[in-house]
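Mind docking chain B on chain A? Use the hints.
Letter by letter, the chains look like this.
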Amino acid sequence: MRALFFALALSVGPALAEESLVTGLSRDDVQITADFTGSDILVYGAVRRNSPAPQTPPLDVIVTLEGPSGPVTVRRKERIFGIWVNRAAVDLAEVPSYFAIASSGALDQILSPDDDLKHQISLERRMSVTKITGDAMDFADFLQATQRIGSAKGNYVTQHSGVKLAEDTLFRADFALPANLTEGDFTVRMFLLRGGRVIDTKEQTIDVRKTGIERQLSNMAHRQPLLYGILSLLLAAVAGWGASEMFRIWRR
Amino acid sequence: MQIYLPIAEVSVNLFLLLGLGGLVGFLSGMFGVGGGFLITPLLLFIGVPPGVAVATGANQVVASSISGVLAQLRRKGVDFVMGSVLLIGGMIGSFIGVQIFAYMTALGQVDVFVQLSYVFFLGFIGVTMFWESARAIWRSQRQGAQQIRRAHQHSWMHSLPFKVKFRKSGLFISVLPPLALGACVGVLSAIMGVGGGFILVPAMIYLLGMPTKVVVGTSLFQIIFVTGFTTIMHAVNSQTVDMMLAFVLIVGGVIGAQIGSRMSTRLKPEQLRILLAMLVLAVSIKIALDLLLMPAELYSVTRLVLP
Chain A
10 MRALFFALAL SVGPALAEES LVTGLSRDDV QITADFTGSD ILVYGAVRRN SPAPQTPPLD
70 VIVTLEGPSG PVTVRRKERI FGIWVNRAAV DLAEVPSYFA IASSGALDQI LSPDDDLKHQ
130 ISLERRMSVT KITGDAMDFA DFLQATQRIG SAKGNYVTQH SGVKLAEDTL FRADFALPAN
190 LTEGDFTVRM FLLRGGRVID TKEQTIDVRK TGIERQLSNM AHRQPLLYGI LSLLLAAVAG
250 WGASEMFRIW RR
Chain B
313 MQIYLPIAEV SVNLFLLLGL GGLVGFLSGM FGVGGGFLIT PLLLFIGVPP GVAVATGANQ
373 VVASSISGVL AQLRRKGVDF VMGSVLLIGG MIGSFIGVQI FAYMTALGQV DVFVQLSYVF
433 FLGFIGVTMF WESARAIWRS QRQGAQQIRR AHQHSWMHSL PFKVKFRKSG LFISVLPPLA
493 LGACVGVLSA IMGVGGGFIL VPAMIYLLGM PTKVVVGTSL FQIIFVTGFT TIMHAVNSQT
553 VDMMLAFVLI VGGVIGAQIG SRMSTRLKPE QLRILLAMLV LAVSIKIALD LLLMPAELYS
613 VTRLVLP
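Here the protein sequences come in this chain order: A and B.
The numbering used here numbers the first residue of the first sequence as 10 and each following residue consecutively.
The numbering used here numbers the first residue of the second sequence as 313 and each following residue consecutively.
Isolated chain B, as found in the complex:
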């Protein structure tokens, strides 16, 4: 059954879209990520124009993040102070990102730019996560080797001004690193249509030294607002949010997320992480190949003003 998408102006199979939403929802339920990094390339693949894919991807991430943050809220896993600081950074970043996106669109380099961002960030995160979880699995097999872990280490971050107490996270650090981190994620969100959870979560643990139990909730909290802001910015600047497309993806995602989170209880965290790492790497390698291999069609046609 075909469905005509009013903004994308393409007709797509309804069940294919539901399936895509379901697949992404399944992964997001299983791994606790928004899944934006998958939905945008998949939408591009089925023929949705890049602008619509990025903007609608951001809208879909809002829904999955809200669903996730409500679950985390019940476990008291959200640091609102830290979330708000990240958020302010995120808004600034998102604003800059939308401008970059518009600039790159005008230059005609937006696809390459988005692809390069994907290869670079997904590649980096994939390799890091793979390495880290592979070590964890290896370590757990070699019993007895106890890990020494300090509460937090003093680094250059502690000498920065504007220190704030983040009670939930048990941190007393400058607001500057979380602001900068939030801004980076905001830029990515606008350019790649992703929530940035895959960057934010490791950065919060390893850079800011936040405890793991508040990381997922806090990152989801900030992602809701950053992707929400991005959605509105794209809706106003380029009118590329397709509500019909978003709705179908969200419906599929809701069902997928439930199945995914049931599945996740059957696997160990390290195994989950290594699977996610492999998935992230696979997406990144696929996009890298598209950039490196000679494309079948060298030319592309962009309509300037939609009649």
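Bound-form chain A, shown alone:
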């Protein structure tokens, strides 16, 4: 472990890495079972220094937790012949299914736009437009809508003072994963900042998987769709027949 820290410290280089992150997670896997109602994740860590901490500029920490991402289509409804129909559309690449960001202060005060762009920290920076269909030149509205809808569903979370920083050395951030998760690798990214510039980053993954019957059903639905379909029918047939028999016995 110590060798690893040493190697990491060396690889970043002594000029930049006067301060670096040492981090940990309360858990590195989440199992989605039938009665899954969400999961709490604690991200904790410390700032490692070779020399005493400088007084200025102020130290900040940002932690993001991100679910598997993929392309999405965002559509906007317009009124046509009196009814509301999807018209203009914007395709976005790499939109996370879940995104939580916690920071030790308001994002626009602790993170410079340049570094946000460089490290792709905030959700806006994660999403990029790949295709525009119809009258959607105002695609910024579509990006905002994506965030708004995600937030309303509880899939996009912003905690402006979600990172508790103690003595400019220890920090912790608490995340509550919701129940409607997409399985896959969740990435935790941690950024150490001074005066808006990122001075160190760390990344860890949390394995989110369906288990038990959830896993079996989901795997089968995707790997053996025909068999899965037939089984669904069998289930319905047995239930239907059972109901009819029960009803007959009950009536007697």
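Just so you know, these hints were derived from the structure itself, not from any lab.
A hint or two may mislead.
When the alpha-carbon atoms are kept at most 30 Å apart in a straight line, the in silico BS3-like pairs for lysine-lysine are as follows [unchecked claim]:
1. B:K598 <-> B:K477
2. A:K86 <-> B:K598
3. A:K173 <-> A:K162
4. A:K162 <-> B:K598
5. B:K525 <-> B:K477
6. A:K162 <-> A:K211
Under 10 Å between C-beta atoms, here's a sample of chain A residues computed to sit facing chain B [unchecked claim]:
7. G47
8. L51
9. A246
10. W259
Even for Gly, the Cβ is constructed at its ideal location relative to N, Cα and C.
Only chain B this time, still in chain A's reference frame:
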């Protein structure tokens, strides 16, 4: 108590789902319809994605139809020849419907398309049924006015080729009208996740001239296979059948259906029909309003490839 649905990837309250299944089962026991037209909009309402709602709705209708057809079989109320002809049409229709569904999904118009289908068909059936049962009630109150009813009327349908004898139904007509009717219902089943009983039953009585006692059983017989076929098509094409969801709905439905069919013996048929008509109209008006009024959120996000 929350339950995580593996395909829909949402967590829903178990008792809410059981309640929905029970409500739909209650109505299906009471009115003798599959209840698919209710379950799909209700599932959408509680946050199940449209694809999963339609495909799983079809699966649930299979269970309630099997339960219904077994009861009808004991009363000898199933015309298997007619059922098979309707079924062949239904398979063709279902196949076409699944393609349309996939095409509309790719265009991004599937919700509007499904909603429009609902408004149009439920509105039409609701108005027709309401009008018909209101007249029946009015007529029964005005005693004495005897209704003249012929066994069947000769129409353009009798001049079509490929005539077949449907013994149970007492009909000698061309296979083309039942084939076409079956195909229409198959398309609807794939698009709306419904069995189509609410279309099939009136059409069999008024268009084909079948006797009422074989109509419900025969329609349920064909619905089993069409919705079964639809379920498999959706399972293979889009992997949207959620077995966990279907199971909970079916369990709720079984209990509801028993209560419903006990209740139905206390009401007159016309009263039952007018209640069903009002229910169908209410659903159709609700969906129409959703299309006509400006939605609170104009934007929608669709994930293309599930990671």
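Hint check:
1. B:K598 <-> B:K477: 43 Å, violated
2. A:K86 <-> B:K598: 19 Å, holds
3. A:K173 <-> A:K162: 26 Å, holds
4. A:K162 <-> B:K598: Holds, at about 23 Å.
5. B:K525 <-> B:K477: Between B:K525 and B:K477 the Cα gap is close to 18 Å, so the pair holds against 30 Å.
6. A:K162 <-> A:K211: 28 Å, holds
7. G47: 8 Å, holds
8. L51: Check failed: Cβ of A:L51 comes no nearer than 22 Å to chain B, outside 10 Å.
9. A246: Holds - the Cβ of A:A246 comes within 10 Å of chain B, reaching about 6 Å at its closest.
10. W259: Holds - the Cβ of A:W259 comes within 10 Å of chain B, reaching about 7 Å at its closest.
Of the numbered hints listed earlier, those contradicted by the structure are 1, 8.
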